[in-house]
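Keeping the supplied structure of chain A fixed, place chain B upon it in accordance with the hints.
Number of protein chains: 2
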Amino acid sequence: MGDLLSLELARIAQEIDSRFDALLTPPDDSRRTLYEAMRHAAIGGGKRLRPLLVCGAARLFAVDPECALRAGVAVEAIHVYSLVHDDLPAMDDDDMRRGRPTVHKAFDEATAILVGDAFQALAFEILAAPATHGDPFVRAELVAALAAASGPAGMVGGQAMDMAAVALMHDLATISRLQQLKTGALIGFSIEAGAILGKVPPEGRTRLRGYAHDLGLAFQIADDLLDAEGDPVAMGKAAGKDDAAGKATFVSLLGIDRARAQARLLSEQAIEHLGNFGHEADLLREIAAYAVDRDR
Amino acid sequence: MGDLLSLELARIAQEIDSRFDALLTPPDDSRRTLYEAMRHAAIGGGKRLRPLLVCGAARLFAVDPECALRAGVAVEAIHVYSLVHDDLPAMDDDDMRRGRPTVHKAFDEATAILVGDAFQALAFEILAAPATHGDPFVRAELVAALAAASGPAGMVGGQAMDMAAVALMHDLATISRLQQLKTGALIGFSIEAGAILGKVPPEGRTRLRGYAHDLGLAFQIADDLLDAEGDPVAMGKAAGKDDAAGKATFVSLLGIDRARAQARLLSEQAIEHLGNFGHEADLLREIAAYAVDRDR
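From first to last, the protein sequence lines stand for chains A and B.
Just so we're aligned, residue 0 is where the first sequence starts under numbering that gives the first Met the number 0, counting upward by one.
Just so we're aligned, residue 0 is where the second sequence starts under numbering that gives the first Met the number 0, counting upward by one.
Pulled out of the complex, with its shape left as it was, chain A reads as follows:
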């Protein structure tokens, strides 16, 4: 990992923790448990890849870092909600996440459902607030983009396809599509948020979308490789889940060696999309290299 990236990963981890800490002050009434469960889910741990992508993309257009950070907290809130709901017994039924008990294990199922619901609302509240950007058009565009990326035509749709995938046999094209929705849409939003904050019109975002597309797939293949081969201690969660669930993944369809080669190719392609940017794109370049060369 490059020096720039390790510095930035440490910085964003600290920033996101401190933002969630400030946002989630438990009130002095019986909502306290909800807030404590939200803190359990959101503070301490997590790569914070999505906020880092927002900051990395925002840097290309000289966006105020504070604006980028707020948009980063919003996308991380969506990510946290999706993990809490994914871990529920009716979904993936996971006991451990980020090296700690999942929310429904540490608290209970009803609390975990509400925690996810609350984080989704929090994400949109943050994006719509004047502090995120002075221009209301930018705020409304951020909300519309995140809602589209996370809703039934995006992340949630991908999760629904993933559930169906256990029953159906899927080919590579279908798995690619599924993953583009399930994890790619939110990664796509993270990059797009930088462009929205920088007031780059949609027609100026083609290369960034190429970067996000290739990075998202590379990242997911790397995740499948970690699930197949990774160290549960480093990952802070169980490994071998996909295989046990009988899910088709890039690894089950391609085999380990071809999956790894494909991830590297996609990472290189992602970096090529940034060709016309200078040093301001170095963070995004290092993220693309790191995405396929990580242990959690």
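Treat the hints with care, as some may be off.
Where chains are identical, the list cannot tell them apart; a pair therefore holds if satisfied intra-copy or between any two copies.
Cross-link-like lysine to aspartate or glutamate pairs, in silico, DMTMM-like; alpha carbons within 25 Å at most [stated by the list, open to error]:
hint : residue 1 : residue 2
1    : K246      : E35
2    : K246      : D27
3    : K246      : D107
4    : K246      : D256
5    : K46       : D16
6    : K246      : D28
7    : K104      : D92
8    : K198      : D134
9    : K104      : D91
10   : K46       : D93
These are computed hints drawn from the structure, not numbers from a lab.
Structure of chain B alone, referenced to chain A:
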């Protein structure tokens, strides 16, 4: 029920159904089940009280009815998501809703979790879209207000208090506060949305907030009365749930007669807040009277 209200209730029911029908066209892939479950949850049935409140409040400020209707669909999407998640086995564990099997009964729990998540995203996507209002400031304000009303400091916080209420003994002040969050916040948003769409500044919304506050409590007390005395067939769901769950409600704390008197008083107070408006406020007046005199 007044002629105006019965006409408007029929009209809004048809409008909301047709909007959800158009928004939820099942795609031709394995997300189909998710969309079908969303249609099951959202189309056909429901009083559509919240959209009607948006339209009623928007009428006070001569807002384009199409804008009001879109905001109404958004708040109904939040309401639908909250019902689907509330009905889950880990929450209220209800089998019937609006005279039909609940989503987790008709489909499964994982689908019901995703359906709720998807409706929340859909709500914010609708509000942030240019079609909802030409002024992005209005759209951003709608999103911020709905997110605050539905999140941990609003509806979801109220649900968390409600869960805790089974364990704790609550007094009238606490139950009022709980209900103001659990159901009052979304009713408050519905009224506020009319003012936001009408570009009424916050300092001009005092009387409307009074109306929303009194209506919200009156509506909830009437709900408690229906739970205690109502006809499960008319309601389309089980009755006597609160008592069976050992929950403190307005009825258990006040008794039936005082609860009914209190609901009527609040309904009259709500109407008084509209004193300075003319016939354009008749719909809101009739809704306040209907809130405490309904069978479902």
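Hints and how they fare:
1. K246 with E35: between (34 Å within a copy, 23 Å between copies)
2. K246 with D27: between (45 Å within a copy, 21 Å between copies)
3. K246 with D107: between (27 Å within a copy, 19 Å between copies)
4. K246 with D256: Close inside one copy (19 Å), not across copies (58 Å); limit 25 Å.
5. K46 with D16: Within one copy, since 11 Å is at most 25 Å while 42 Å is not.
6. K246 with D28: between (43 Å within a copy, 17 Å between copies)
7. K104 with D92: Both. Shortest intra-copy (10 Å) and inter-copy (19 Å) distances satisfy the 25 Å Cα cut-off.
8. K198 with D134: Classified as both; 10 Å inside a copy, 17 Å across copies.
9. K104 with D91: both (13 Å within a copy, 19 Å between copies)
10. K46 with D93: within (19 Å within a copy, 38 Å between copies)
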